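Asker: Residue numbers (the working numbering), protein chains in the order written: chain A, 1 to 301; chain B, 1001 to 1301; chain C, 2001 to 2339; chain D, 3001 to 3339.
Where hints are given, some of them may not hold.
Computed cross-link-like contacts, DSS-like style, restricted to lysine-lysine with a CA-CA straight-line distance of at most 30 Å [as the list claims (entries may be wrong)]:
#, chain 1, residue 1, chain 2, residue 2
1, A, K195, A, K126
2, C, K2327, A, K30
3, B, K1195, B, K1126
4, A, K24, A, K241
5, B, K1030, D, K3042
6, B, K1241, B, K1030
7, B, K1241, D, K3042
8, D, K3327, B, K1030
9, A, K241, C, K2042
10, C, K2327, B, K1128
11, A, K126, D, K3042
12, A, K195, B, K1195
13, A, K30, A, K241
14, A, K195, A, K128
15, B, K1128, B, K1195
16, B, K1024, D, K3042
17, A, K128, D, K3327
18, A, K24, C, K2042
19, C, K2042, A, K30
20, C, K2042, B, K1126
Chain C is nowhere near these chain B residues, computed Cβ spacing over 10 Å in every case [what the hints assert, rightly or not]:
#, residue
21, N1159
22, R1179
23, Q1186
24, K1195
25, L1283
26, T1285
So the derived list for chain D, only partly shown, Cβ under 10 Å to chain C, looks like this [what the hints assert, rightly or not]:
#, residue
27, K3042
28, E3062
29, A3092
30, Q3133
31, L3138
32, P3143
33, E3277
34, A3286
35, I3310
36, A3313
To be clear, the hints were calculated from the coordinates, so they are not data collected in a lab. On a predicted model such as this, the values are computed, not experimentally measured, just so you know. Every residue gets a Cβ at the ideal spot worked out from N, C-alpha and C, and that includes glycine.
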Amino acid sequence: MQNLTETFYRQMQTIRRVEETLLKLFSQGKIRGTVHTCLGQEATAVGVINALDRQRDVIFSNHRAHGHFIAYGDDVAGLIAEVAGKSSGVCGGLGGTQHLHQRNFYTNGIQGGIVPVATGAAAAEKRKGSGAITVVFLGDGTMGEGVVYESFNIAALWNLPILFVVDNNQYAQTTPVIRAQAGRLQDRAVPFGIKTGVVAAEDYDVFSVYQAARRAVTYVRDQSAPYYLLLNSYRLGPHSKGDDHRDESEIARHWQNDPLARLAEQLPPARRQAIDAAIEQRLQTILTAIFAPASPLNAAH
Amino acid sequence: MQNLTETFYRQMQTIRRVEETLLKLFSQGKIRGTVHTCLGQEATAVGVINALDRQRDVIFSNHRAHGHFIAYGDDVAGLIAEVAGKSSGVCGGLGGTQHLHQRNFYTNGIQGGIVPVATGAAAAEKRKGSGAITVVFLGDGTMGEGVVYESFNIAALWNLPILFVVDNNQYAQTTPVIRAQAGRLQDRAVPFGIKTGVVAAEDYDVFSVYQAARRAVTYVRDQSAPYYLLLNSYRLGPHSKGDDHRDESEIARHWQNDPLARLAEQLPPARRQAIDAAIEQRLQTILTAIFAPASPLNAAH
Amino acid sequence: MPPRPLTYLAALQSALHAMMAEDERVIVLGEDILDPYGGAFKVTKGLSTAFPHRVWTTPISEAAIVGVANGLALRGMRPVAEIMFGDFITLAADQLINHAAKFRAMYNQQVSVPLTIRTPMGGGRGYGPTHSQSLEKLYLGVPHLHVVAPSLFHQPGELLRRAVLLDDDPVLFIEHKSLYPAPLPGPNDDFEISAIDDGTGYAAMRVRNAADGPPDALIITYGGLSLPLAETLRHLAREEVAALAYLPGSLHPLNLAPILADAARIGRVIIIEDGPEGFGWSPEAAVQIYDAVGPQLTAPIRRVAARADIIPAAQHLEAETLVTASKIEQAIWEVLFSA
Amino acid sequence: MPPRPLTYLAALQSALHAMMAEDERVIVLGEDILDPYGGAFKVTKGLSTAFPHRVWTTPISEAAIVGVANGLALRGMRPVAEIMFGDFITLAADQLINHAAKFRAMYNQQVSVPLTIRTPMGGGRGYGPTHSQSLEKLYLGVPHLHVVAPSLFHQPGELLRRAVLLDDDPVLFIEHKSLYPAPLPGPNDDFEISAIDDGTGYAAMRVRNAADGPPDALIITYGGLSLPLAETLRHLAREEVAALAYLPGSLHPLNLAPILADAARIGRVIIIEDGPEGFGWSPEAAVQIYDAVGPQLTAPIRRVAARADIIPAAQHLEAETLVTASKIEQAIWEVLFSA
Ligand SMILES: Cc1ncc(C[n+]2csc(CCOP(=O)(O)OP(=O)(O)O)c2C)c(N)n1
Ligand SMILES: Cc1ncc(C[n+]2csc(CCOP(=O)(O)OP(=O)(O)O)c2C)c(N)n1
Ligand SMILES: [Mg+2]
Ligand SMILES: [Mg+2]
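With the rest of the complex left out, here is chain A (with noise of 0.2 Å):
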């Protein structure tokens, strides 16, 4: 446990630090366009990410991906390099930080879109007997697409090895989830006989992520059908980039329980000391490598 809870916190607040960074180089005008970070669901990357087999099973992901991205491949110089548009980003600064692709995972930034083409890689994967399940990470407000019950319905026919998470953040941009949900996010894979499970808000951390997804995980794998999984989660920070119109006694009452400092608590300060200065050295080593004038990994393309 106490491995799992270091391997967690460095995977948590690597995101965290990346993301912090992304933002601070927007605000700087080194990087532009748009930033989406998940400072405060980065127990959802986590939790979700190491309960697979990262090395065959498939992730599908949205426009708020930085996160899973790392707990995927912790390929941190790639991401940055590619949010700031160089060469040596993951898909050579085309992609940008909504359109990421590395090994088995893929992301665009058309919400619901992806999640046909992940039950159709969970249909692949069945076929070529792989033994791979796929993921795919939907926001709440993207439980708005009508697109994503046509693939909730084809997953449970066919018996699909896909797991459905849906993050739910509170929020799609400016609306909050009552406003654009109707009836119970819960529920809403219910009717197509998709099992579900859930994690409630009072719960939301790693752990708790983590277990859920284990359990979901294994359900899919050894019975090859979807699950569908619920979590209730908090959006720390901005939609993107700056503006943010919610209540900000509610956004600090959630900073009180942010679950990466949650987390931070069940290390013992040295440890967690350590790693967060090999993290800060590990970032500084990759934005000298991309930013400073005279590397190669600078190159505009």
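Keeping the supplied structure of chain A fixed, place chains B, C and D with the ligands upon it in accordance with the hints.
Answerer: Below, chains B, C and D with the ligands without anything else, positioned relative to chain A:
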């Protein structure tokens, strides 16, 4: 009740005879294209439409709309002429069987696409304060289309006065419902918080449908909220025109249980014969007017 | 006369305010359009405060947004739906093509569908392949669907007003992202601007730069490219090259008849579009000219468009892909020195 | 050599059978495609019996059908998805444009999307406004999305084979409904047919009718119009009018370079397309010719297309709207007697 039985019988028998006539005209080459008949499902049309206020309520239907159309406005001549491509058709022959419009009645040939349109109509009527409710008819197969769920969500979020009627006739074209719809159709609107009613297959007849529709309509109108009504019927005829690959004994078994024949038995034979004769006479007059070579209604356009 | 709005964005904003105040049938709907945010590009800013019952925020459901707007329009409202990024208009293709554009004709003129879909198109901001496209070409040539794109030289609010209040057919209304912050030129010494009635109901703009003499080149374009075009026209004037530009407000239907005589007289025509080269708007524009006055042209029509590729996120790659002021100017020079 | 398949439909059917037998990666999916029905137009007839594990019937979910096919393609399969009527391809616009066509380029060539979407287009059967359209124009000019439409003069099975097994980019494969029952002409005395390599990988067909002497007209068209065209060419031959026809298999990308010399020599060009007039395929085809050999043409290019309107259900109204053999022939005569 006797009055209602007669009224319902007259409407259902009219629908049945019109559609049998259309199939015959098709096989005679007098109409072309396609014809989707609702043989066996007349109770859906008659039961639901009679629960509405025909003056103000708004109705959206689909490719299998003849029954709904006749139950709504009883315009047999306008329908047959339309299907036959005559200028006297309700849409001047432009729309044909799948694209009908009259007053507050609209259909289109794209599965599912009309459902958000109906949702918008419900929003318009609510905004206008007209007191009208909107009904939209869908088939079981159409529950595969994602936009249906987008519409559920919006209708529930906005408390729109709309009744979704799913007529589960057990097949979508050649595909049995079990092969196209995972889980339970009766649960599909539940996760959106939409109140749901069901008429089971063994209860399916015009009175059950009418009672269920009345309850639904009252709820929708009084609460200004959506309702989902699942009717489990059976399609006695082919999907369209000719070929039908279903098991013949299955079809024969359902003909034994034809809801229209069962209703007929509830009428005194003399009454029934009188109604039948009147329908035949009316149909003959209409057909003569439409297809007689010299008729002005026979104008190509 | 009210004071001229300062920017393209402000013109659209105040047109929406005015229309909602004037006509109860106007309903505005879309994702994240409520105050204080007021929409991703702020076009609906202030509306939900002023008209709380007629500004509806929606779930992320582009197909249903347009579908609902269709239903509103069929039942007597005049809906204005916003699609947050033009890239997502793909999701509403069926509602636009098989529903909005068909109802009136297939129901034999018994209904109308006075629907306006507003959406921002275009790149230049590093949003990457799925948030930077100019996808209007998908919807050009769909019978009964009007596609309108005000340029900087238009009064964008007036075009929007016509789409919403006066056009009884569905209108796809294209706003190029780069135009929002741009000040509308108004009367000034750089350009001689006149509005031409091309019969579509949406004025075409005829713009002369400030160089003397008969124009040496005719540039036909629309929408967002009016921004680099303005720059180019000013620059050409400084080089004493007289140029005429023509920017239809209505992309479809497209009627270039009013500019054919100029095309014939000038003989050198450049057609520029923001979308990827191949098919799309400029071939249609070009054939209208070739068919009518081809033999009078001095040189083949020169077309400039984006590269037929994804729009990269990286700034320098994006600039290589898209049409820029320097590419426009280079094309003009090449045409001027050809033949 | 295997015996030549009798009809266009049979050619497609046997190509699918052969590919599935040959390559385990081929998966066929779509609505109602299982035996005994075998699909609304029977193209998949027999497949589910022969390959029960690789022929998948789907719910009515066009977006997800194409989405699932995208995922299959990304993960190493070679999916062939059927959209029952081409009219419904609107529902898959986002999957085709923002997913299938983008993955390879935006992921910097690290993946490929060898996906084929087959769909029947076209009218003439009285199916009415939502089941009769030729909507391929929507997808022309989408970067990296190939649009292929075999004509009667092609070997449709070979084009399908190339799309499915050899093309690593997504292909929208258009089959005109009217062609299915048509026998493929094969070698015969009416036509001199040759296949031209236009660089797209999908042969263009060059067809001469049996009249002597240099051709008087060049007709450029594709797909389903090859049927009325064949009739027209035969008729012209009887009238001793020599005509050359050119039918690219690849609509997009479109490369008319191989026919430019003929266009210049003949001087009279007619371009015909099945979809509604305005934008679409024929303007692009026309500008390629105008740009290259405009001054050598005897007359403006004549374009023939359907009326820009819905396609009515009623037979006589439908015929008035769509392109017919007699409209084609009339256009040819007009061009021949012009100038
Ligand atoms: C089809 C589509 N519609 C709209 C958007 C614009 N958009 C990007 S993120 C977002 C909100 C998504 O909310 P949610 O699914 O809850 O994910 P979160 O951002 O909260 O992680 C929206 C509307 C988009 N990218 N794609
Ligand atoms: C979007 C779309 N996809 C496919 C079709 C072709 N189609 C017409 S009816 C039908 C079956 C519909 O089944 P269901 O919804 O159960 O209605 P039913 O025919 O049984 O009344 C299909 C696939 C269509 N018209 N529209
Ligand atoms: Mg969210
Ligand atoms: Mg059915």
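Asker: Each of the hints needs a verdict: does it hold here or not?
Answerer: Evaluated hints:
no.: 1; hint: A:K195 x A:K126; in the structure: holds (19 Å)
no.: 2; hint: C:K2327 x A:K30; in the structure: holds (26 Å)
no.: 3; hint: B:K1195 x B:K1126; in the structure: holds (19 Å)
no.: 4; hint: A:K24 x A:K241; in the structure: holds (9 Å)
no.: 5; hint: B:K1030 x D:K3042; in the structure: holds (25 Å)
no.: 6; hint: B:K1241 x B:K1030; in the structure: holds (13 Å)
no.: 7; hint: B:K1241 x D:K3042; in the structure: holds (16 Å)
no.: 8; hint: D:K3327 x B:K1030; in the structure: holds (26 Å)
no.: 9; hint: A:K241 x C:K2042; in the structure: holds (16 Å)
no.: 10; hint: C:K2327 x B:K1128; in the structure: violated (52 Å)
no.: 11; hint: A:K126 x D:K3042; in the structure: holds (28 Å)
no.: 12; hint: A:K195 x B:K1195; in the structure: holds (23 Å)
no.: 13; hint: A:K30 x A:K241; in the structure: holds (13 Å)
no.: 14; hint: A:K195 x A:K128; in the structure: holds (24 Å)
no.: 15; hint: B:K1128 x B:K1195; in the structure: holds (24 Å)
no.: 16; hint: B:K1024 x D:K3042; in the structure: holds (25 Å)
no.: 17; hint: A:K128 x D:K3327; in the structure: violated (52 Å)
no.: 18; hint: A:K24 x C:K2042; in the structure: holds (25 Å)
no.: 19; hint: C:K2042 x A:K30; in the structure: holds (25 Å)
no.: 20; hint: C:K2042 x B:K1126; in the structure: holds (28 Å)
no.: 21; hint: N1159; in the structure: holds (12 Å)
no.: 22; hint: R1179; in the structure: holds (24 Å)
no.: 23; hint: Q1186; in the structure: holds (22 Å)
no.: 24; hint: K1195; in the structure: holds (20 Å)
no.: 25; hint: L1283; in the structure: holds (24 Å)
no.: 26; hint: T1285; in the structure: holds (24 Å)
no.: 27; hint: K3042; in the structure: violated (24 Å)
no.: 28; hint: E3062; in the structure: holds (8 Å)
no.: 29; hint: A3092; in the structure: holds (9 Å)
no.: 30; hint: Q3133; in the structure: holds (8 Å)
no.: 31; hint: L3138; in the structure: holds (5 Å)
no.: 32; hint: P3143; in the structure: holds (4 Å)
no.: 33; hint: E3277; in the structure: holds (8 Å)
no.: 34; hint: A3286; in the structure: holds (5 Å)
no.: 35; hint: I3310; in the structure: holds (4 Å)
no.: 36; hint: A3313; in the structure: holds (8 Å)
Hint violations for this structure: numbers 10, 17, 27, all remaining hints satisfied.
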